[in-house]
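Visitor: Add 84 to a position in the sequence shown, counting from 1, and you land on the number used in our numbering.
For the record, the hints were derived by calculation from the structure and aren't laboratory data. Check each hint, because a few of them may be wrong.
Claimed, not checked - For lysine-lysine, the following DSBU-like pairs were computed, each having C-alpha atoms within a straight-line distance of at most 30 Å:
hint	residue 1	residue 2
1	227	118
2	107	121
3	125	166
4	207	166
5	166	134
6	126	107
7	166	128
As the structure is a computational prediction, the values presented were derived from the model and not from experiment.
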Amino acid sequence: MLVVRDDNKAIREAVSLYWPSSKQQFCIFHLMQKGIKDRKKKQKIINNAKKLYEAETREEFYSQLTIFMSIYRQYKYHPAFKYLYSHVEESTQFYGIPNEFHLSAKTTNRLERIFKEIKRRHKAFGRFPNTKSCQRWVYALIKEGLIPQYRRIKSAQDY
């Protein structure tokens, strides 16, 4: 099992406690945002760092990482890259699953967008008499394809 998460310590510990054999993927978006603080160069650096994670294999990633680090090591951004480099292993766990799932397994963004859409629809719908009815409602939204972002996420059952 692969669990995609941000840097929240409580989530990390809970996943380790309840699913000790699972792999934990650090959300690449959160890694970049937290690791790179320089506002002037941030977007350029993030764009270059994102290219690392477009590598098809873990070996290709590490090859590109070596080049990336040698380019930026000489600049004042070194502390930011120490942070990024210290989380490399956590941020490359998605290479252990089939390529079809890489896009949705790199970040929590799609999942966060799905939650946002469910919240938006819930406000329009109103209250639920109990938890089960709310769960059925969310299931129906997903099953009927009413949450567009969910339709793009492939599941293992599709293969």
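Visitor: Against this structure, judge whether each hint is valid.
Guide: Going down the list of hints, with the structure as the test:
{"no.": "1", "hint": "227 to 118", "verdict": "35 Å, violated"}
{"no.": "2", "hint": "107 to 121", "verdict": "28 Å, holds"}
{"no.": "3", "hint": "125 to 166", "verdict": "17 Å, holds"}
{"no.": "4", "hint": "207 to 166", "verdict": "43 Å, violated"}
{"no.": "5", "hint": "166 to 134", "verdict": "16 Å, holds"}
{"no.": "6", "hint": "126 to 107", "verdict": "29 Å, holds"}
{"no.": "7", "hint": "166 to 128", "verdict": "18 Å, holds"}
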